[in-house]
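Residue numbers (our numbering), protein chains in the order written: chain A, 91 to 407; chain B, 4 to 337; chain C, 1071 to 1216.
All clues given are correct.
Pulled a few chain C residues facing chain A out of the computed Cβ check, cut under 8 Å:
hint, residue
1, P1118
2, L1119
3, L1122
4, Q1126
5, E1140
6, E1146
7, R1152
8, R1153
9, Q1154
10, E1157
11, F1158
12, F1161
13, L1165
14, R1204
15, T1207
These are calculated hints, taken from the structure and not from any lab test.
No residue lacks a Cβ here, since even glycine has one placed at the ideal position from N, Cα and C.
So the chains spell out like this:
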Amino acid sequence: MNQLTFAIRQEAARILEENVVDVVIGFEVGTLPLKAQPAFITRKEEAEKLVYNGFCQNNLAAYLTRRPKEERIGIICRGCESRAVRALVIEHQHDRDKLYLIGVPCTGIIDWRKIEREVGENTLQAVEEGDEVIVTTRDGEHRFQRVDVLHDSCKRCLHPNPVGADIVLGDPLPEGDPERAWAPVLEFEALPPEERYAYFVQEAERCIRCYACREACPMCYCTECFVDHTTPRWAESMITPSGTQAWHIIRAFHQTGRCVSCGACERACPMDIKMTYLVDKLSYDMVQQYGFEVGASDEEQPPFAAFTLDDRNRFVR
Amino acid sequence: MYKVLPKTDLPKLIGRWMEQATVYAPVRQGDFTKFEPLSDPAQADLYYAANTRYPPKSLFLPQSEVMFRVKDGEFESTEDEVSSRVILGIHSCDTRALQLLDGVFLTGDYQDPYWAKKREQTTLVVLGCADPCETCFCTSVGSGPFDKRGADVMLIDIGDEYVADVRNEKGQALFGHLPDASRKQIDKSRQVQAAAAAGMKKPFETEGIKDKLYSLFDSDFWPKIQQSCLGCGACTFLCPTCYCFDIVDEAQRNERVRNWDTCMFRIYSQEASGHNPRPTNTERVRQRIMHKYAYFVELYDEIGCTGCGRCVRYCPVDLDIRQIIRSAQAWEES
Amino acid sequence: MNDTWTPRIVVFQCQYSLYCEADQKWMDTQLPPHIKLIKVPCTGRISPLFVLNAIQGGADGILVSGCQPEKCHFKEGNLGARRQLDEFRRFLTYLGMEEERIRFAWIDLSERGRIQQELADLEETIRTIGPIRRLVTRAIPVGEKL
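Same shape as in the complex, but just chain A:
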């Protein structure tokens, strides 16, 4: 057991015992070796179930808007989760007083797809050992450098350290490099328009509209999503190019200035559709146009909610 897991269990047990919170949201060992499961701990004795490692692939902040309003929640927060919590509090989706944030500086999530691409689909066991990930399959042991198999979003991560946490377990990590973070957006932008569109079409056409991306996202909390509207129907309901492209464009657009770049959408997708390149562009623009970054402060409204007369006037020539 790693030290962080131990520290998390202790802290979870303490806040449950001292009745600071009603539930602690964390991770427990999953049924598949390359994935951990979200866990909901309500009793001190159960805190022993909690684990923390690179296989914890979900953004736990997605559960906050699903829990009963009156519940006091303790939640394991990595950089992205803590910024999602801030954004949710700013958008009045949660009461900060009812939350207890257990901050954990994050060294990145291991992408099970990258591992399975190399070793095939029958993983029996997977462990992290320092900078290495050791995966045992039916045909033996495979070793990976951790940095090679991190999820793309984690490789680009700007803020691995939690913000505004009530307690931080583990040592702070160096902040990410903006140049590396925005490189994919700039590279994509440099492609000729037909290539950009071809890539978008090729990704969107695999969509099966299961909306796992939406559900896994901490910031997608609308009671009724635009695709669920039936009167009037805003987007085609079918898996035709119209329907899937509209879904990908508008879903991304609704995240403008709200996306925390955790990559949970991409990890959740059962069809391996790339979609962070869409929202990253919007996040990049928000930084460029309005100097806004999600979770940077605990009161600044996202750009589309805050607008002023002084906006640079690009509409008028």
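On the provided structure of chain A, position chains B and C as indicated by the hints.
Here is chains B and C on its own, set in the frame of chain A:
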């Protein structure tokens, strides 16, 4: 009747079928395979390790199916658009699923003409699983890696050849001209089949599962296990036995279509009045599990799950149906 | 460019943005058939989905006409629209659409005849870049009305 086919002759055979029918087989797309109509026999990727990502039920119940069109105020049928097809390399679990869905679409007072037509026109050349995955659990739900029910032909890989167990006339039409398999080859194929099934784990017991689930209907079990469920449709859309659909008029296209729908969505059970009989995720998760392991058993005397493991592998939160059934069986009311 | 081809244009117009009655009347009654007018209570009402729907349906150009920033009937509807639609245009450009296809016209009190000018300019631009090819997913046949 057992026939034998050297593996090297398979492309030639596929080519022969392609002259008369559309042949579907798993085709690699990035990191996964999907059933696609072949334009070249070499495209077929029969050695895909796990199941195809997208379930082959889509070949019979397409995710978006046009039911009819309206043109200049007249109805236009789309029913005649199916021609003769061969599906090659479908696994037993997916074949079983089609058979279970026949119960839904073809029995009772109403038959679904769209489904019936496609079923009639299709020959299933099943490839048995010599090497089932870690996430497979077909043996736990009353099936197995070489379950022949529903197959027109079952191919068994015995190394350099396939032994083809030809089950009926449809299969005969495709394989009849091949030489018969020798005693030795048939024995070898039996060994392969036995070894595959024996190597599989049994994650849960299904005995009494229907009654157990009925007894848990109002229990605290569901609120507890649903907590981690995000309410997306990945499990149901990838499931080979989920068949719910929603009929929509796409006015801009002048079409009436039916799209896959899933009980995991809030709007699935939302009524026009605004009332929703399954208001929270708890009822929706319960519905999904109980439909497969209780209601389906009640209606058709079979478990409505074939153990393909797709929902297990691709659930974004690793909410594992094997674990749910296991904990349901072990659940004691406190 | 092919002379027989006429670009199809969709105009989203805030109902308060044309102060000149003659201009509004012209918009309401005398628009040529290849231009479709969609009046909205305020530019703030224009969801990016409206714009996307027009483009997917085969509009070659889109004009958004609204009030000057400080003259919104609803005080700040156009300020929100300005941020959103401007970004949406940039986003569609990122996905391969030509930026010039979406044009904004913030029209002031004294600008009589400006809307006609804007439409003419947009049509001119669209003629040079040609029919829309990317992001159109259910185009209606050329020549048919929108």
